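Colleague: Spelled out, the chains give:
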Amino acid sequence: MSFKIKKNIPLIDQHDKNFMYGGKFGGNFIPETLKKPIDDLTKLFAKLRKDKKFLRERDQYFTSYVGTPTPFIKLENLSDSLGGAQIYAKVVSEANGGAHKIYNATVHCLIAKKAGKKYVVGDTGAGYAGKMLSMAAKKFGLKCKIFMGAKDIKRQRPNVVAIRKNGAEIVPVTTGSQTLVDAVSECMRYWVSNCDTTHMCVGSTVGPNIFIKICAWSTAQISRELIKQVKEEFGKVPKNLKLINCVGGGSSAAGFWNEFMDTDAEFIGVEAGGPKNSRLHAAPLTNGSKIGILHGAAQYVIQDKEGQIGSTESISAGLDYPGISPLHCFLKDTKRAKYTSASDEDALKAYQLVSKLENISPSLEPSHAFAEAIRIAPKLRSSEIIIVNSCGDSLKDKDIIKQRLGSYTR
Amino acid sequence: MKSKIRLTFDKCKKAKRPALITYTVAGDNTKNNSLKILNKISKHADILELGFPHNTPIADGGQIQGSSHRALKNGIKLKDVFQIVKKFKKNNPNKPVILMGYFNLIYQNGENNFLKSCKLSGVDGLIIVDLPYPENKIFANKCKKKSINFIQLLSPTTSKERMKKIVKDSHDMIYYISMLSTTGGKLKVSPKKILKNYNIIKRVNPKKNLVIGFGITDKTISSLKSANGLVVGSMLCKTITNSLKMRQNPVTNLVKVVYSLKRKII
Ligand SMILES: Cc1ncc(COP(=O)(O)O)c(C=O)c1O
Numbered sequence: 031m032s033f034k035i036k037k038n039i040p041l042i043d044q045h046d047k048n049f050m051y052g053g054k055f056g057g058n059f060i061p062e063t064l065k066k067p068i069d070d071l072t073k074l075f076a077k078l079r080k081d082k083k084f085l086r087e088r089d090q091y092f093t094s095y096v097g098t099p100t101p102f103i104k105l106e107n108l109s110d111s112l113g114g115a116q117i118y119a120k121v122v123s124e125a126n127g128g129a130h131k132i133y134n135a136t137v138h139c140l141i142a143k144k145a146g147k148k149y150v151v152g153d154t155g156a157g158y159a160g161k162m163l164s165m166a167a168k169k170f171g172l173k174c175k176i177f178m179g180a181k182d183i184k185r186q187r188p189n190v191v192a193i194r195k196n197g198a199e200i201v202p203v204t205t206g207s208q209t210l211v212d213a214v215s216e217c218m219r220y221w222v223s224n225c226d227t228t229h230m231c232v233g234s235t236v237g238p239n240i241f242i243k244i245c246a247w248s249t250a251q252i253s254r255e256l257i258k259q260v261k262e263e264f265g266k267v268p269k270n271l272k273l274i275n276c277v278g279g280g281s282s283a284a285g286f287w288n289e290f291m292d293t294d295a296e297f298i299g300v301e302a303g304g305p306k307n308s309r310l311h312a313a314p315l316t317n318g319s320k321i322g323i324l325h326g327a328a329q330y331v332i333q334d335k336e337g338q339i340g341s342t343e344s345i346s347a348g349l350d351y352p353g354i355s356p357l358h359c360f361l362k363d364t365k366r367a368k369y370t371s372a373s374d375e376d377a378l379k380a381y382q383l384v385s386k387l388e389n390i391s392p393s394l395e396p397s398h399a400f401a402e403a404i405r406i407a408p409k410l411r412s413s414e415i416i417i418v419n420s421c422g423d424s425l426k427d428k429d430i431i432k433q434r435l436g437s438y439t440r
Numbered sequence: 003m004k005s006k007i008r009l010t011f012d013k014c015k016k017a018k019r020p021a022l023i024t025y026t027v028a029g030d031n032t033k034n035n036s037l038k039i040l041n042k043i044s045k046h047a048d049i050l051e052l053g054f055p056h057n058t059p060i061a062d063g064g065q066i067q068g069s070s071h072r073a074l075k076n077g078i079k080l081k082d083v084f085q086i087v088k089k090f091k092k093n094n095p096n097k098p099v100i101l102m103g104y105f106n107l108i109y110q111n112g113e114n115n116f117l118k119s120c121k122l123s124g125v126d127g128l129i130i131v132d133l134p135y136p137e138n139k140i141f142a143n144k145c146k147k148k149s150i151n152f153i154q155l156l157s158p159t160t161s162k163e164r165m166k167k168i169v170k171d172s173h174d175m176i177y178y179i180s181m182l183s184t185t186g187g188k189l190k191v192s193p194k195k196i197l198k199n200y201n202i203i204k205r206v207n208p209k210k211n212l213v214i215g216f217g218i219t220d221k222t223i224s225s226l227k228s229a230n231g232l233v234v235g236s237m238l239c240k241t242i243t244n245s246l247k248m249r250q251n252p253v254t255n256l257v258k259v260v261y262s263l264k265r266k267i268i
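First to last, the sequence lines map onto chains A and B.
The first sequence runs 31 to 440 under my numbering.
The second sequence runs 3 to 268 under my numbering.
Treat the hints with care, since some could be wrong.
[Stated by the list, open to error] These stretches of chain A come out as covered by chain B in the derived footprint (C-beta under 8 Å, 3 or more residues):
hint, stretch
1, 49-60
2, 105-119
[Unchecked claim] DSS-like, lysine-lysine: derived pairs with alpha carbons at most 27 Å apart:
hint, chain 1, residue 1, chain 2, residue 2
3, B, Lys210, B, Lys247
4, A, Lys54, A, Lys306
5, B, Lys166, A, Lys66
6, A, Lys37, A, Lys379
7, B, Lys97, B, Lys6
8, A, Lys306, A, Lys379
9, B, Lys147, A, Lys47
10, A, Lys66, B, Lys266
11, B, Lys194, B, Lys264
12, B, Lys118, A, Lys335
13, A, Lys306, A, Lys335
14, A, Lys66, B, Lys188
15, B, Lys210, B, Lys18
16, B, Lys88, A, Lys335
17, B, Lys38, B, Lys121
18, A, Lys147, B, Lys139
19, A, Lys320, B, Lys6
20, B, Lys266, A, Lys73
21, A, Lys47, B, Lys170
22, B, Lys139, A, Lys54
23, B, Lys146, B, Lys167
[Claimed, not checked] Where chain B lies over chain A, by a calculated footprint (3+ residues, C-beta under 8 Å):
hint, stretch
24, 65-78
25, 204-211
26, 223-237
27, 287-294
No lab work stands behind these hints, which were simulated from the structure alone.
Note that the structure is predicted; figures quoted are calculated from it, not measured.
Cβ coordinates follow ideal geometry from the N, Cα and C atoms, glycine included.
Go ahead and model the full structure; you've got the sequences and the hints to work with.
Modeller: Here's what the structure looks like:
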């Protein structure tokens, strides 16, 4: 069977009755205990997204709290120095908190309030999802717990400090690789035990279907803004437009692309290639991983023949995840998006170049996307347009960058 | 023909006691020891659940995660799990063995392939933690066709309406999760409350064999003995962990624990 992306239907809704996209990605592979809470949340969200009052509330918070729109800028120096395509950036890192994770966090807290929950829990890798959830929780008067791998707690200190400042508890996860994959598992386990009182936020477009939906629905704000900005700049959505985004779980890419789904814009997703010559890449779409089940959903996932989930390594904690959103698996299979990977070294170089030439300084995650832009721009004509989602700021990676490059400049 | 699981429940009912169901992880702490454990505890246990370990379990607490980790570190593979069952069944053909685990391992192995291996080694039933109703319908039917019990799970969050459908679609055994918890949590609900829910399910179809699991230890088991069956898992995994810590033989320690559990429910 071959599947196609349907026009005029939100991507998140293009699943069958089992919540599978393209008949094979997603679903709800969950323990019985979570069936009801997930069902309840699914119904509540279906109602809220049609509720004009709720939409107004969301928009108000996006405007006054998150800050809309985030800037859309031309990277003149970078474009000139590379020669070739015109490179632009959507500076999502200007959103409150410094990354796109604020959209999902804000919406989850709004939903938690509607559900009458007093507690929220969430996972985090780079620490942004945790930071944003703790911020939003504080704003909405919810008690917050963040699950974070012990390795990530060490390497993403600035965000850890921010989470604690917001009054949230960080639960260090010391199982497995002590990174995002383990944090998500532990958070889900916690929710199994506390789903009667607690709302769970999954930090990306992964997990059981409803979490994918809520997350992509929230980050779609990025492209709602962008498509307007693009039309203002070019008069229309130009031909020869490439939208480049890093993908870890895939939430920023899903949000960056959503409103362009039915246009001619080309989508390029960049996965974490890990250290050069290492096989511990976090790039299931690029490297031909097989479909498996991780965190309640079927997806391309790094695993061994038996089905044990494989370990990954990436300089960027936010991309260091063996799975990928079922939405992106679907976009790949339908050929609506293309995926590639950038190595740790490429990302570091891209961070360096962009920070040197421009007024922005992307974190290591979007630096993967910039690495791809930098790679292809010189080969393209000057009529071609590249937009990169600069969805995080390098400040959080100060320690890693200092260690790797000797110094940190922003 | 009645399944061995069903015959076991019939036998326990006649003796007016619940079936004692143990859970251990295949390959914990070694392949050999886990086979020895099955051989020895089968004297006291009525049904043996054997976990096939997964490294990303979303519903297991610390004890079972620890056991799974040990087993995987020792290199346990699905084919070893079936070997263990096969060897056990050779000497204990009538003792029901139920495999328990996560769906990805079956998915990678191939559903049909997996069921063929179950059949060849003598597996009597399956519990798949992350394949709930109704998503499990097709697979559960495949199991039924091969006379392998697909054991449905119910939890305190299961609605009455859903419960009725699941009970209707179930085979010879249904598993009631006692509380909102991963495996190995402390029993945070009173046995009275658990039995109340248990009885609600039983009333849907009194003929179905309903077992209770999660949070059951030597301290709580006797208060639940009116159930058709009781599952003890994390306490056994913990016994292995502690034995290894104290450099004692996990097999002998485990046999003692299972024996004392049995004493508390007869
Ligand atoms: C700045 C930034 N970009 C990207 C990601 C990757 O996540 P996703 O693919 O969901 O956008 C993260 C995750 O933590 C992040 O912090």
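Colleague: Do three or more residues from the stretch 223-237 of chain A put their C-beta atoms closer than 8 Å to C-beta atoms of chain B?
Modeller: holds (count 4)
Colleague: Within 27 Å, alpha carbon to alpha carbon, are B/Lys210 and B/Lys247?
Modeller: violated (41 Å)
Colleague: Counting residues of the stretch 204-211 of chain A whose CB is closer than 8 Å to a CB in chain B, do you get three or more?
Modeller: The restraint on the stretch 204-211 of chain A holds, since 3 of its residues have a Cβ under 8 Å from chain B and three suffice.
Colleague: Hint check: A/Lys66 vs B/Lys188, CA-CA at most 27 Å. Holds or violated?
Modeller: Holds. A/Lys66 to B/Lys188 sits at ~22 Å (cutoff 27 Å).
Colleague: Taking beta carbons only, do three or more residues of the stretch 287-294 of chain A come closer than 8 Å to chain B?
Modeller: Violated - the stretch 287-294 of chain A has 0 residues with a Cβ nearer than 8 Å to chain B, which falls short of three.
Colleague: For a C-alpha distance cap of 27 Å, please report whether A/Lys147 and B/Lys139 respect it.
Modeller: The hint is violated at about 33 Å.
Colleague: CA of B/Lys166 to CA of A/Lys66, is that 27 Å or under?
Modeller: Roughly 15 Å between the alpha carbons, so the hint for B/Lys166 and A/Lys66 holds.
Colleague: Report holds or violated for chain B covering the stretch 65-78 of chain A, Cβ cut-off 8 Å, minimum 3 residues.
Modeller: Held - the stretch 65-78 of chain A has 3 residues with a Cβ nearer than 8 Å to chain B, which meets the minimum of three.
Colleague: Is the Cα-Cα distance between B/Lys210 and B/Lys18 27 Å or less?
Modeller: holds (16 Å)
Colleague: With the threshold set at 27 Å, check whether the alpha-carbon distance from B/Lys147 to A/Lys47 stays at or below it.
Modeller: Satisfied, since the Cα-Cα distance of roughly 25 Å is no more than 27 Å.
Colleague: Between the stretch 49-60 of chain A and chain B, see if three or more residues pass the 8 Å beta-carbon test, and mark the coverage as holds or violated.
Modeller: holds (count 4)
Colleague: For the pair supplied as a hint, A/Lys306 and A/Lys379, confirm whether the alpha-carbon distance does not exceed 27 Å.
Modeller: Holds: A/Lys306 and A/Lys379 sit about 13 Å apart, inside 27 Å.
Consistency note: the structure conflicts with the earlier hints numbered 2, 3, 4, 6, 10, 18, 19, 20 and 27.
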